Amino acid sequence: MEPQRLELTRLYARFAFGPRPGEFSQSLKDGFTASAKKILSQPQVVALDSLATPNFPDLGARPSQANAAASKAFTAALKAQSDELTLWWLDCMAHTENPLLERMTWFWHGHWATSIDKVNFALPMFNQNQTLRANALGNFRTMAHAMFNDGALQIWLDGNDNVKGAPNENLSREFMELFTLGVNNYSEEDVKALARAFTGYQVVRSTGVVTFNSKRHDLDPIRLFGSSVPLNGDAATDLVVSRPENVTFISQRLWYRFISSSSQLDTKFGIEAAFANRDIASAVSALVFNGALSVPQHTVVRQPVEWFIAVCRAFSLQPSKLTPKTMVMNYLQKMAQVPFLPPNVGGWPTDEAWLSSASAQFRIAFAAALAKQIDFNPLASVPSEKRIVYIRDLLGVYEFSTRTFTALTNAKDDLQQFFVLAVCSPEFVVIA
Amino acid sequence: MDTISRRKFLQLTGAATVGAGAAMLSISEIAEAAITRPLPSGTPIVVVVTLYGGNDGLNTVVPYTDSLYYSMRPDISYKPETVLPLSDGLGLNPAMREMKSLWDQKKLAVIRGVGYPYPDHSHFSSMAIWQTGSPISHISSGWLGRWLDTQSADPMLAISLGSVPPPLFAGVKRSGSALPLGGLVVPSGKLGMRCQTLGKSSINDSPLMAAAATSMGNLFGLSDNVTGALKGPAPAAPDLPVINGGNAGGDSSLQQQLDLVAKLIVAGAPTKAWSVSLGGFDTHANEANAQSVLLGNVSYSVARFLNQLKGSGRASDVTVLIYSEFGRRVKANASQGTDHGTSGPVFVIGDRINGGMYGDQPSLSKLIDGDLAVTTDFRDIYSSILERDLKADPAQILNSWKGRVNSLYK
Numbered sequence: 001m002e003p004q005r006l007e008l009t010r011l012y013a014r015f016a017f018g019p020r021p022g023e024f025s026q027s028l029k030d031g032f033t034a035s036a037k038k039i040l041s042q043p044q045v046v047a048l049d050s051l052a053t054p055n056f057p058d059l060g061a062r063p064s065q066a067n068a069a070a071s072k073a074f075t076a077a078l079k080a081q082s083d084e085l086t087l088w089w090l091d092c093m094a095h096t097e098n099p100l101l102e103r104m105t106w107f108w109h110g111h112w113a114t115s116i117d118k119v120n121f122a123l124p125m126f127n128q129n130q131t132l133r134a135n136a137l138g139n140f141r142t143m144a145h146a147m148f149n150d151g152a153l154q155i156w157l158d159g160n161d162n163v164k165g166a167p168n169e170n171l172s173r174e175f176m177e178l179f180t181l182g183v184n185n186y187s188e189e190d191v192k193a194l195a196r197a198f199t200g201y202q203v204v205r206s207t208g209v210v211t212f213n214s215k216r217h218d219l220d221p222i223r224l225f226g227s228s229v230p231l232n233g234d235a236a237t238d239l240v241v242s243r244p245e246n247v248t249f250i251s252q253r254l255w256y257r258f259i260s261s262s263s264q265l266d267t268k269f270g271i272e273a274a275f276a277n278r279d280i281a282s283a284v285s286a287l288v289f290n291g292a293l294s295v296p297q298h299t300v301v302r303q304p305v306e307w308f309i310a311v312c313r314a315f316s317l318q319p320s321k322l323t324p325k326t327m328v329m330n331y332l333q334k335m336a337q338v339p340f341l342p343p344n345v346g347g348w349p350t351d352e353a354w355l356s357s358a359s360a361q362f363r364i365a366f367a368a369a370l371a372k373q374i375d376f377n378p379l380a381s382v383p384s385e386k387r388i389v390y391i392r393d394l395l396g397v398y399e400f401s402t403r404t405f406t407a408l409t410n411a412k413d414d415l416q417q418f419f420v421l422a423v424c425s426p427e428f429v430v431i432a
Numbered sequence: 433m434d435t436i437s438r439r440k441f442l443q444l445t446g447a448a449t450v451g452a453g454a455a456m457l458s459i460s461e462i463a464e465a466a467i468t469r470p471l472p473s474g475t476p477i478v479v480v481v482t483l484y485g486g487n488d489g490l491n492t493v494v495p496y497t498d499s500l501y502y503s504m505r506p507d508i509s510y511k512p513e514t515v516l517p518l519s520d521g522l523g524l525n526p527a528m529r530e531m532k533s534l535w536d537q538k539k540l541a542v543i544r545g546v547g548y549p550y551p552d553h554s555h556f557s558s559m560a561i562w563q564t565g566s567p568i569s570h571i572s573s574g575w576l577g578r579w580l581d582t583q584s585a586d587p588m589l590a591i592s593l594g595s596v597p598p599p600l601f602a603g604v605k606r607s608g609s610a611l612p613l614g615g616l617v618v619p620s621g622k623l624g625m626r627c628q629t630l631g632k633s634s635i636n637d638s639p640l641m642a643a644a645a646t647s648m649g650n651l652f653g654l655s656d657n658v659t660g661a662l663k664g665p666a667p668a669a670p671d672l673p674v675i676n677g678g679n680a681g682g683d684s685s686l687q688q689q690l691d692l693v694a695k696l697i698v699a700g701a702p703t704k705a706w707s708v709s710l711g712g713f714d715t716h717a718n719e720a721n722a723q724s725v726l727l728g729n730v731s732y733s734v735a736r737f738l739n740q741l742k743g744s745g746r747a748s749d750v751t752v753l754i755y756s757e758f759g760r761r762v763k764a765n766a767s768q769g770t771d772h773g774t775s776g777p778v779f780v781i782g783d784r785i786n787g788g789m790y791g792d793q794p795s796l797s798k799l800i801d802g803d804l805a806v807t808t809d810f811r812d813i814y815s816s817i818l819e820r821d822l823k824a825d826p827a828q829i830l831n832s833w834k835g836r837v838n839s840l841y842k
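Chains A and B supply the protein sequences, listed in that same order. Under my numbering, the first residue of the first sequence carries the number 1, and numbering increases by one thereafter. Under my numbering, the first residue of the second sequence carries the number 433, and numbering increases by one thereafter.
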């Protein structure tokens with residue numbers, strides 16, 4: 001086994017959505033540090049390469065149900081925009097020259113988990129996605145402000161309905177519990193106080209534009225974390241993000257998704273220290289460079305979207321170009337993970353949750369459908385006895401077990417099956 | 433347990449598989465077991481219905497004769513003439529017609545003011561408390577999981593619907609199984625054989641890789657000897673309108689889940705505990721319509737489920753338990769919704785249940801920080817179910833808990 005192969009496998013699978021053809025082999029030559037530096041130092045720009053940025057016209061308010069034709073057309077337009085949005089983002093993930101940025105955007109989407117199921121309109125979800133991308137590797141404080149002022153999040157957690165006198169606590173509770181501090185790091189009084197500070201923000205549903213209506217805002221002093229002054233949403237966000245628990249909590253969330261959901265965040269890897277100033281890129285750098293990737297027990301299961309994108313990157317597939325148009329959405333739905341549709345405000349589950357027999361079945365079926373659209377000429381040109389090593393390096397797999405080796409050997413002249421078995425193998429589904 | 437590991441227990445969705453390797457079953461496997469080793473008739477069966485999101489108890493069992501109810505919730509209260517009257521000045525939400533009929537047949541027990549000491553207002557923490565059955569010390573096993581620990585190993589003993597089993601069924605030694613909805617289509621021919629090879633265990637497997645291999649292998653542990661009725665895909669879920677309270681998890685297809693459970697019970701599945709769920713109860717805004725749609729769904733689905741058991745000889749074996757992680761704040765917020773609260777009613781339904789009211793109705797004039805008092809500890813209910821249905825010693829499973837809901841069972 002090449003030195004640092006484990007770390008490289010984890011680097012690509014967890015921080016870059018998987019290698020593109022040739023990348024992993026090149027990295028084996030370049031070594032871990034050089035490869036990691038390359039991935040981490042990609043420009044943190046919002047440019048999305050050759051993909052056109054979609055344009056989502058404001059659909060306006062839903063027409064009256066009395067007008068059946070208009071109502072039907074409106075629903076169809078919502079659905080079309082929603083599908084376009086999802087496929088566009090999947091294309092970004094599969095195509096990007098800067099996979100870390102896209103991967104971090106995906107992480108933050110699961111963190112500030114907002115669902116189009118309630119938001120309905122693609123435009124605010126798209127704007128939120130752009131906000132997450134712009135801040136994905138930036139400063140968490142800036143991100144928290146931007147997200148507090150995000151229309152989709154406000155709609156999702158009823159911020160629109162939070163008014164002076166009878167505040168709605170949905171956003172304030174989840175803001176502290178799930179987004180910034182972690183459960184039990186605040187009191188019930190803090191939830192009520194933060195809800196008062198968050199009163200008065202209103203959202204245009206179809207666009208996500210947030211405005212502040214001081215008539216609906218509670219102007220009285222608000223007792224929150226020791227201070228007692230009038231607070232608006234931004235001032236309160238500052239107080240919350242300044243709590244020391246924010247450092248531990250965000251470090252834990254990063255650890256949980258990128259390193260291990262079963263072992264505790266370990267101070268010796270310096271994640272919290274790196275995040276002390278709320279700098280996300282520094283925390284990510286600590287995750288990558290401080291040795292956590294070398295611990296054998298730190299295994300992670302690819303979530304369905306990550307699995308699909310890794311396949312797309314290795315085999316040069318563009319999600320929106322796959323046919324029929326509905327295939328990608330249907331299979332992701334069956335595998336229970338569609339971008340912009342998290343199951344709840346806590347985001348998607350991890351690890352064992354994706355290892356049911358139902359998932360295995362749908363993964364095989366999805367892979368078999370993808371196999372029909374893959375150009376296998378590069379694989380065919382590899383002598384059949386070398387195909388296992390070839391696909392192992394193409395996918396950036398650490399090593400295949402004997403069982404998988406046997407299955408692949410039996411299928412090495414049936415390229416479609418060979419592909420299905422490789423990408424459904426436990427060694428690809430689980431990142432070593 | 434510290435906060436992050438408790439959080440981890442729920443994996444942020446209330447849907448953890450504690451301890452890798454909870455078996456995933458197929459309908460065919462259960463059907464096969466139903467044929468070869470059916471549950472002896474007369475064996476009690478528990479069906480747990482979890483309502484995710486925090487169901488508003490006051491608008492489920494409505495105190496329609498209490499003027500405080502109307503003054504505290506002017507916009508989201510139910511008028512006296514619309515509720516379905518039970519007794520003691522309480523009536524069911526107008527959408528729960530089938531439940532009212534179960535009440536009239538004396539099969540519905542309404543247990544009032546159920547909760548636990550020091551109520552937690554977090555969805556995820558409170559659901560963990562209900563599912564572990566341990567309000568004081570934080571533990572990672574579920575109350576029915578610990579019952580499984582006392583039984584001999586059998587993956588059919590406790591089954592949850594959906595592809596992710598709930599913490600409820602996670603024991604220390606054993607776990608309940610999960611039954612994904614929808615028909616399984618297992619690859620056949622050469623691909624099937626080769627996929628089967630991928631399901632074998634390998635000496636270098638990490639725990640997660642072993643679980644991935646097992647999930648693949650389980651696909652192929654089937655037999656063709658199954659009953660035709662169970663072979664097809666599960667029926668599609670009925671269309672539900674867009675619900676506002678859906679950001680706290682749970683499934684959306686209660687009827688579909690219960691239809692499948694009914695079929696498998698009728699077929700004789702050797703299963704003593706089932707778990708199904710419905711999400712959408714997190715009604716912070718525009719509650720009235722959303723909640724009544726959901727409660728109507730619960731009412732219809734449960735009654736339909738019980739009807740499907742009629743004639744099977746097992747109708748009187750089944751006890752249905754319906755609960756949610758908390759009730760909601762008494763006072764409405766300004767968005768015609770309610771925020772997270774504390775206690776709420778629990779329903780226990782069955783032929784062997786003494787229908788009626790249990791526990792005290794929490795007083796609207798004696799609120800604690802704006803919340804209802806807890807008058808019944810949920811462990812009383814769990815204990816009664818463990819003792820009467822599962823023939824287990826509740827003290828062993830619920831940390832020496834001694835309370836019961838007296839005369840709940842006939």
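What the hints contain is simulated information worked out from the structure, not anything from laboratory work. Note that this is a predicted model, so its numbers are computed, not measured. Hints may be right or wrong, so weigh each one.
[Unchecked claim] Below, in silico cross-link-like pairs of lysine-lysine (DSSO-like), each with a Cα-Cα straight-line distance of 30 Å or less:
(1) Lys118/A / Lys511/B
(2) Lys532/B / Lys386/A
(3) Lys763/B / Lys192/A
(4) Lys511/B / Lys532/B
(5) Lys215/A / Lys192/A
(6) Lys334/A / Lys632/B
(7) Lys372/A / Lys386/A
[As the list claims (entries may be wrong)] Partial pick of chain B residues on the chain A-facing surface, computed with a CB cut under 8 Å:
(8) Pro549
(9) Cys627
(10) Asn636
Built from N, CA and C at the ideal position, the CB exists for glycine as well.
TODO: Could you check if Cys627/B really has its C-beta closer than 8 Å to a C-beta on chain A?
DONE: holds (6 Å)
Task: Supplied contact hint for Pro549/B, tested at 8 Å Cβ to chain A - done: violated (15 Å)
Task: Hinted pair Lys763/B and Lys192/A, Cα distance within 30 Å - done: holds (13 Å)
- [ ] Compare the distance between the alpha carbons of Lys215/A and Lys192/A with 30 Å, and conclude whether the hinted pair is satisfied.
- [x] holds (19 Å)
TODO: Under 8 Å, Cβ to Cβ, is where Asn636/B needs to be relative to chain A, so tell me if that hint holds or is violated.
DONE: holds (6 Å)
TODO: Sort out whether Lys632/B lies within 30 Å of Lys334/A, counting only the CA atoms.
DONE: Satisfied, since the Cα-Cα distance of roughly 24 Å is no more than 30 Å.
TODO: Compare the distance between the alpha carbons of Lys372/A and Lys386/A with 30 Å, and conclude whether the hinted pair is satisfied.
DONE: The given pair, whose Cα atoms are some 22 Å apart, holds under the 30 Å limit.
Task: Given hint Lys511/B paired with Lys118/A - CA-CA distance at most 30 Å - done: holds (29 Å)
Open item on the list: Next pair to validate is Lys532/B with Lys386/A; report whether the Cα-Cα distance is within 30 Å.
Closed with: Violated. Lys532/B to Lys386/A sits at ~69 Å, over the 30 Å cutoff.
Open item on the list: With the threshold set at 30 Å, check whether the alpha-carbon distance from Lys511/B to Lys532/B stays at or below it.
Closed with: holds (17 Å)
In this structure, the earlier hints numbered 2, 8 are contradicted, and the remaining ones agree with it.
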